[in-house]
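Colleague: Single-letter residue listing:
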Amino acid sequence: NAGVTQTPKFQVLKTGQSMTLQCAQDMNHEYMSWYRQDPGMGLRLIHYSVGAGITDQGEVPNGYNVSRSTTEDFPLRLLSAAPSQTSVYFCASSARMGGAEQYFGPGTRLTVT
Amino acid sequence: DQQVKQNSPSLSVQEGRISILNCDYTNSMFDYFLWYKKYPAEGPTFLISISSIKDKNEDGRFTVFLNKSAKHLSLHIVPSQPGDSAVYFCAAPLRNSGNTPLVFGKGTRLSVIA
Numbered sequence: 001n002a003g004v005t006q007t008p009k010f011q012v013l014k015t016g017q018s019m020t021l022q023c024a025q026d027m028n029h030e031y032m033s034w035y036r037q038d039p040g041m042g043l044r045l046i047h048y049s050v051g052a053g054i055t056d057q058g059e060v061p062n063g064y065n066v067s068r069s070t071t072e073d074f075p076l077r078l079l080s081a082a083p084s085q086t087s088v089y090f091c092a093s094s095a096r097m098g099g100a101e102q103y104f105g106p107g108t109r110l111t112v113t
Numbered sequence: 001d002q003q004v005k006q007n008s009p010s011l012s013v014q015e016g017r018i019s020i021l022n023c024d025y026t027n028s029m030f031d032y033f034l035w036y037k038k039y040p041a042e043g044p045t046f047l048i049s050i051s052s053i054k055d056k057n058e059d060g061r062f063t064v065f066l067n068k069s070a071k072h073l074s075l076h077i078v079p080s081q082p083g084d085s086a087v088y089f090c091a092a093p094l095r096n097s098g099n100t101p102l103v104f105g106k107g108t109r110l111s112v113i114a
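Residue numbers (my numbering), protein chains in the order written: chain A, 1 to 113; chain B, 1 to 114.
Note that these hints are calculated values from the structure, not bench results. There could be a bad hint or two in this list.
[As the list claims (entries may be wrong)] Some chain B residues close to chain A (C-beta under 8 Å, calculated; not the full set):
id, residue
1, Tyr-39
2, Pro-40
3, Gly-43
4, Pro-44
5, Thr-45
6, Ile-48
7, Glu-58
8, Phe-62
9, Phe-65
10, Gly-105
11, Lys-106
12, Gly-107
[Said to hold, decoys possible] Listed below are several chain A residues computed to face chain B (Cβ distance under 10 Å; list not exhaustive):
id, residue
13, Gly-16
14, Leu-79
15, Tyr-103
16, Phe-104
17, Arg-109
Being a predicted model, the structure only gives us computed values, none of them experimental. Note that the Cβ used here is the ideal one computed from N, Cα and C, for glycine as well.
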């Protein structure tokens with residue numbers, strides 16, 4: 001049982017490049033989410049999904065796209081990277097929403113130059 | 001506007017003493033709260049939670065207290081150990097019903113000095 005896995009661990013992009021951050025979970029959790037962590041800002045919600053085919057925006061969705069075609073996977077896409085997207089990105093999953101314990105992946109550290 | 005606030009960015013405590021981490025919230029409809037712990041280069045991990053029907057929940061060295069009238073909760077760690085040095089996040093469900101994600105505070109960095 002690997003839990004929540006994220007790839008890559010580190011990534012450097014140039015402004016304007018696109019990329020996809022991968023997230024997968026093997027716990028059959030319905031709920032998955034993406035957060036970014038910036039110094040002094042805590043964890044801010046980007047997008048979340050309550051099940052396959054259903055996604056919604058969080059607090060800071062601009063510049064990011066998501067899709068949920070399977071229960072296991074929840075990729076985060078940056079279509080045109082900007083320096084403001086330099087951050088550490090965490091994916092999380094839980095069996096239900098509304099306060100259930102969330103399980104976090106190890107994070108992806110992204111630098112946009 | 002932040003709905004969950006952790007106003008102390010850092011806290012330093014001697015080993016063996018009590019650590020008290022504070023969290024305030026603005027939404028009186030919040031009915032469940034969680035604390036997460038995060039080590040450097042790792043994802044956050046769940047530590048302890050409390051429902052609004054309780055005013056205290058204890059798990060080993062960790063106790064969370066909830067004061068609903070003051071919209072305040074605190075995490076007590078007794079005794080503090082060097083391995084407790086981490087960033088602690090307070091969190092609450094964004095809405096009171098239905099499918100809702102968590103909203104997190106900005107975190108408090110705890111340093112336990114041996």
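Colleague: Does each hint hold? Answer for all of them.
Modeller: Cross-check of the supplied hints:
no.	hint	result
1	Tyr-39	violated (11 Å)
2	Pro-40	violated (10 Å)
3	Gly-43	holds (3 Å)
4	Pro-44	holds (5 Å)
5	Thr-45	holds (7 Å)
6	Ile-48	violated (10 Å)
7	Glu-58	violated (17 Å)
8	Phe-62	violated (14 Å)
9	Phe-65	violated (18 Å)
10	Gly-105	holds (6 Å)
11	Lys-106	holds (4 Å)
12	Gly-107	holds (5 Å)
13	Gly-16	violated (28 Å)
14	Leu-79	violated (23 Å)
15	Tyr-103	holds (8 Å)
16	Phe-104	holds (3 Å)
17	Arg-109	holds (8 Å)
Checked against the numbered hints above, the structure breaks hints 1, 2, 6, 7, 8, 9, 13, 14 and satisfies the rest.
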